[in-house]
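Q: Knowing the structure of chain A, use the given hints to seat chain B on it.
Line by line, the protein sequences are chains A and B.
For our numbering, count along the first sequence from 1 and bump the result up by 1124.
For our numbering, count along the second sequence from 1 and bump the result up by 6.
Since the hints were made in silico from the structure, they are not lab data.
Among the hints, erroneous ones may be present.
As the list claims (entries may be wrong) - Covered stretches of chain B (in silico footprint by chain A; criterion: 3 or more residues with CB under 8 Å from a CB of chain A, positions within the stretch not fixed):
#1 8-21
#2 26-33
#3 63-74
#4 80-86
As the list claims (entries may be wrong) - So, partial list: chain A residues that the calculated Cβ filter (under 7 Å) puts toward chain B:
#5 I1127
#6 D1129
#7 K1130
#8 K1131
#9 L1132
#10 L1180
#11 T1197
#12 A1299
Every residue, glycine too, gets a C-beta built ideally from N, C-alpha and C.
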Amino acid sequence: MWIYDKKLQYPVVVRDTNPRLAKYLMEQYGGADGELAAALRYQNQRYTIPEKVIGLLTDISTEEFGHLEMIATMIYKLTKDATPEQLKAAGLGEHFVAHGHALFYNNAAGVPFTAAYIQAKGDPIADLYEDIAAEEKARATYQWLIDISDDPYINDSLRFLRERENVHSMRFREAVEMLKEDQVKKTFF
Amino acid sequence: MSEEQRKLLMELQIADFNVIEWDLYMHTHPDDMEGCQKLNEKTTYAKKLRKHYERLYGPLTILTPRSCDDASCTPWPWQV
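Excised from the complex, chain A in its bound form (with noise of 0.2 Å):
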């Protein structure tokens, strides 16, 4: 069961409509290395992996759902007062279209979610492995974002949310040697 809490993990601040970002933006909102397919993909593996790494996968998992809302936040902010003309001119002519003014789960060039983006192994080590390169191709989607912003706000949250990957990376990391270091023990036996 989840409890919804009324605010940000980090603040979101937009002064600008700016279309374009916004459609930048949807690649972490919609894509293949977005945190809607993180938030997924955690919460799913949680109940074959092994024990002690539930918990993390839980956290791990929730915190990317916080994420999920702050990059809604950016789309929503950055498009909500733009023209129609203003969302054709930036490449949203056809988001518009199909769903006005409103957020949709596609990626940056527009091709909706799809659970193929995600993946549950049953296995703990391909698992946490496909974990870890999630956060690593997340932290290189934020760079690559971050490099072609020009708006400084919106680059302090996206910062924000770069080092959460490299945590997130760090966690699984760890994950991965204590699982490993059972496996050692279990072939003494």
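A: Showing chain B alone in chain A's frame:
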């Protein structure tokens, strides 16, 4: 949102962040007693600060009782 509320919200965001960070750390360092103590300190402080914020600006979760005659209501995060 007033400047005072924004400031207190930021303090709460920092306090809650400390809890999240120490909690994740403890998942992979279960034997770190100092870390466990740190986590408990951070949790106690965050809980206290949350109570203070909610008393001033309204509930953040459904677990906090709301006053029925008062419009005090903290805004949705994307409306801040």
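Q: Each hint should be assessed against the structure and marked as holding or not.
A: Verification of the hints:
Note: the region 8-21 of chain B has 4 residues with beta-carbon separation from chain A under 8 Å; the three-residue rule is met and the coverage holds. For the region 26-33 of chain B, the assignment as covered by chain A holds, since 6 residues bring a beta-carbon within under 8 Å of that chain's beta-carbons and 3 suffice. Counting residues of the region 63-74 of chain B whose beta carbon lies closer than 8 Å to any beta carbon of chain A gives 5, which reaches the threshold of three, so the coverage claim holds. Coverage of the region 80-86 of chain B by chain A holds in this model, with 5 residues showing a Cβ closer than 8 Å to a Cβ of that chain against a need of three.
Given the 7 Å rule on beta carbons, the hint for I1127 of chain A holds: about 5 Å separates it from the nearest Cβ of chain B. Among the interface hints, the one on D1129 of chain A holds; its C-beta lies about 6 Å from the nearest C-beta in chain B, closer than the 7 Å criterion. With its C-beta approaching chain B no nearer than about 5 Å, K1130 of chain A sits inside the 7 Å limit, and its interface hint holds. The interface hint given for K1131 of chain A holds, since its Cβ lies 6 Å from the closest Cβ of chain B, which is under the 7 Å cut-off.
Of the supplied interface hints, the one on L1132 of chain A holds, with its beta-carbon coming within about 4 Å of a beta-carbon of chain B, less than 7 Å. The closest approach between the C-beta of L1180 of chain A and any C-beta of chain B is roughly 4 Å, which is under the 7 Å cut-off, so the hint is satisfied. With a least beta-carbon distance of about 4 Å to chain B, the hint placing T1197 of chain A at the interface is held under the 7 Å criterion. Taking 7 Å as the C-beta contact cut-off toward chain B, the hint placing A1299 of chain A at the interface holds, the least distance being around 6 Å.
Violation of the numbered hints given earlier is absent; every hint is satisfied by the structure.
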